[in-house]
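2 protein chains.
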Amino acid sequence: MVSKNQIKLINGLHLKKNRLANQLFLAEGVKVIQELLQSNFVLEHLYATEESFNSFSITNKSVVSEVEMKKITALSTPSSCLAVFQIPKQEQLINAGLFVALDDIRDPGNLGTIIRLCDWFGIEQIVCSKETVDLYNPKVVQATMGSIARVKLNYLDLEKFISETTLPIFGTFMDGSNIYEEELPNEGIIILGNEANGISKSIEKLVKNRIAIPRFGNLQKTESLNVATATAIVLSEFRRSSSGK
Amino acid sequence: MVSKNQIKLINGLHLKKNRLANQLFLAEGVKVIQELLQSNFVLEHLYATEESFNSFSITNKSVVSEVEMKKITALSTPSSCLAVFQIPKQEQLINAGLFVALDDIRDPGNLGTIIRLCDWFGIEQIVCSKETVDLYNPKVVQATMGSIARVKLNYLDLEKFISETTLPIFGTFMDGSNIYEEELPNEGIIILGNEANGISKSIEKLVKNRIAIPRFGNLQKTESLNVATATAIVLSEFRRSSSGK
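Taken in sequence, the protein lines are chains A and B.
Okay, so the first sequence: first residue is 339 according to this note's numbering, each after it adds one.
Okay, so the second sequence: first residue is 339 according to this note's numbering, each after it adds one.
Don't take each hint at face value.
The list cannot tell twin chains apart, which means a pair is met if one copy fits it or any two copies do.
With a Cα cut of at most 20 Å, we get these calculated SDA-like pairs of lysine to any residue [what the hints assert, rightly or not]: (1) Lys342 <-> Leu544; (2) Lys342 <-> Asn492; (3) Lys346 <-> Ser562; (4) Lys546 <-> Phe394; (5) Lys409 <-> Glu388; (6) Lys369 <-> Glu533; (7) Lys468 <-> Asn516; (8) Lys409 <-> Thr503; (9) Lys468 <-> Leu381; (10) Lys477 <-> Val340; (11) Lys369 <-> Asn564; (12) Lys468 <-> Ser562; (13) Lys346 <-> Glu533; (14) Lys477 <-> Glu533; (15) Lys477 <-> Leu413; (16) Lys369 <-> Asn532; (17) Lys342 <-> Ile425; (18) Lys477 <-> Thr415; (19) Lys409 <-> Ser581; (20) Lys490 <-> Ser581; (21) Lys369 <-> Ser562; (22) Lys409 <-> Gln344; (23) Lys490 <-> Phe379; (24) Lys369 <-> Asn535; (25) Lys498 <-> Glu382; (26) Lys477 <-> Pro446; (27) Lys543 <-> Pro446.
What the hints contain is simulated information worked out from the structure, not anything from laboratory work.
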């Protein structure tokens, strides 16, 4: 059972301004919700259909019908459960290790995939420009597949952050040096640019290390890789290089 | 101007059975259509709004209004142009070089991204199980960003094809050997599995070379990478290895 007021609150959370005002966000699907419950996220309430209701050994939960679930889901294909969590405070950054910096990533699926990649490659800190898509957008939460519980993400003035850091700064550009031939450190900031425009001019000026993923084949007409697949290759190369392989 | 019959034909092509019956498919967006026009694809007709009508120096085109475009597009956000192309005959495979084999990839975005990655890494042949999503699905065509014009894709009995090939067969598994430590050849078949179930049991039996992308970090709870990002890393490793880097 879900009341009219609850439906109104939950649907409001589909939008960023209401997430900010209420400091709450939505997570959907058994796997994502289980991962958040096992970490430090604070649950407000869980709504689940009969299908997954007994998968959760918590008290603040309600059983809902599939019709009710359709009324509250933010996904085109509703899952069997939806949870309302509190948005945690931004954690302090530690000025060490490998960072990923996002310069206006706009697509929720891309942000979710990048967070999942960071989790896989043991990168625990992501910094984002303020124009980057909201971490608590329901599609981002979904695409992280639970990795959101393990990777710290901070929104900040990216140009200021990068101009003040003492860590080496890397960015991918078509004219960069072949990433396969570089010795890549286990500390630094890897900048990933916007889907349409790449790394912005003001940030580009601060990039000391311009790297490139080589193209192969004879035709070589592909203009670019998408940002999520480029991130996969770049992070793999950094970890391979610093593991001495 | 687009007639009622044309609207009916075009909307029919959103579905695979009608694409097969008519041997026609849709492409949307200036970049994708330009790339197809520059290759061997045969255009039936192009529909474009004022915005992009003059970008195409061809005769078989009609100007349409934005309202008409909304009636024919297969995308949630319509582009300024939509083209109807003939489906070309499946080309003969050449039993050499590096292949990618898709074992029931179901998501159109994933197939499109994999085709784009193959194009980047100079892999010109993809073989797919018959259950793999249709190459001419409008969302696949869109996600390839034009790479569909340069990569050959064949649907076939994948188990039969793999059991008969003389090329070495590779697949990624959690228990595989560290891909960073392998010498990877410039000929072979790289099998990519279904999004939910991975490589099917009957195909797995035929895989002689089990490889894995190592995980990093302390927590190591991420269960898997998605198939498109895993493909990016694996193809990059094959090309890096065979280029001697």
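Each hint tested on the structure:
In this assembly of identical chains, Lys342 and Leu544 lie within 20 Å of each other by CA distance neither inside one copy nor across copies; the values are 51 Å within and 55 Å between. Taking identical chains as interchangeable, the C-alpha atoms of Lys342 and Asn492 are never at most 20 Å apart, the minima being 34 Å within one chain and 52 Å between chains. For the homomeric pair Lys346 and Ser562, neither the shortest alpha-carbon distance inside one copy (42 Å) nor that between copies (35 Å) is at most 20 Å. In this assembly of identical chains, the alpha carbons of Lys546 and Phe394 never lie at most 20 Å apart, being 49 Å within a copy and 41 Å across copies at closest.
With identical chains, the CA atoms of Lys409 and Glu388 are at most 20 Å apart within one copy only, with a shortest distance of 16 Å there and 39 Å across copies. Only between protomers do Lys369 and Glu533 lie at most 20 Å apart by alpha-carbon distance; the minimum there is 15 Å, versus 28 Å within a single protomer. Taking CA atoms no more than 20 Å apart as the test, Lys468 paired with Asn516 passes in neither setting, with 30 Å inside one copy and 38 Å between copies. For a Cα distance limit of 20 Å, the shortest separation of Lys409 from Thr503 qualifies neither inside one copy, at 46 Å, nor across copies, at 51 Å.
With identical chains, the CA atoms of Lys468 and Leu381 are never at most 20 Å apart, being 26 Å at best within one copy and 44 Å at best between copies. In this assembly of identical chains, the alpha carbons of Lys477 and Val340 never lie at most 20 Å apart, being 22 Å within a copy and 36 Å across copies at closest. Taking the shortest Cα distances, Lys369 and Asn564 sit within 20 Å of each other only across copies (15 Å), while inside one copy they are farther apart (27 Å). For the homomeric pair Lys468 and Ser562, neither the shortest alpha-carbon distance inside one copy (25 Å) nor that between copies (29 Å) is at most 20 Å.
Proximity of Lys346 and Glu533 under a CA criterion of 20 Å is satisfied in neither setting, with 33 Å inside one chain copy and 34 Å between copies. In this assembly of identical chains, Lys477 and Glu533 lie within 20 Å of each other by CA distance both inside one copy and across copies; the values are 17 Å within and 18 Å between. In this homomeric assembly, Lys477 and Leu413 come within 20 Å of each other (Cα to Cα) both inside a single copy, at 7 Å, and across copies, at 18 Å. When the C-alpha separation of Lys369 and Asn532 is checked against a cutoff of 20 Å, the pair qualifies only between copies, where the shortest distance is 18 Å, while the shortest distance within a copy is 29 Å.
Within a single copy, Lys342 and Ile425 get their C-alpha atoms no closer than 23 Å, and across copies no closer than 51 Å, so neither meets the 20 Å cut-off. Proximity of Lys477 to Thr415 under the C-alpha cut-off of 20 Å is found in both arrangements, the shortest distances being 12 Å within a copy and 17 Å between copies. Neither within a single protomer nor between protomers do Lys409 and Ser581 lie at most 20 Å apart by alpha-carbon distance, with minima of 49 Å and 54 Å respectively. For a Cα distance limit of 20 Å, the shortest separation of Lys490 from Ser581 qualifies neither inside one copy, at 23 Å, nor across copies, at 36 Å.
Taking CA atoms no more than 20 Å apart as the test, Lys369 paired with Ser562 passes between copies only; the shortest distance there is 13 Å, against 33 Å inside one copy. Taking the shortest alpha-carbon separations for Lys409 and Gln344, only the intra-copy value of 11 Å comes in at or below 20 Å, while the best inter-copy value is 37 Å. Taking the shortest Cα distances, Lys490 and Phe379 sit within 20 Å of each other inside one copy (12 Å), while across copies they are farther apart (47 Å). Taking the shortest Cα distances, Lys369 and Asn535 sit within 20 Å of each other only across copies (16 Å), while inside one copy they are farther apart (34 Å).
For the homomeric pair Lys498 and Glu382, neither the shortest alpha-carbon distance inside one copy (35 Å) nor that between copies (53 Å) is at most 20 Å. Taking the shortest Cα distances, Lys477 and Pro446 sit within 20 Å of each other both inside one copy (6 Å) and across copies (17 Å). Taking the shortest Cα distances, Lys543 and Pro446 never come within 20 Å of each other, neither inside one copy (27 Å) nor across copies (37 Å).
Violated hints, listed in ascending order, are 1, 2, 3, 4, 7, 8, 9, 10, 12, 13, 17, 19, 20, 25, 27; each of the other numbered hints is respected by the structure.
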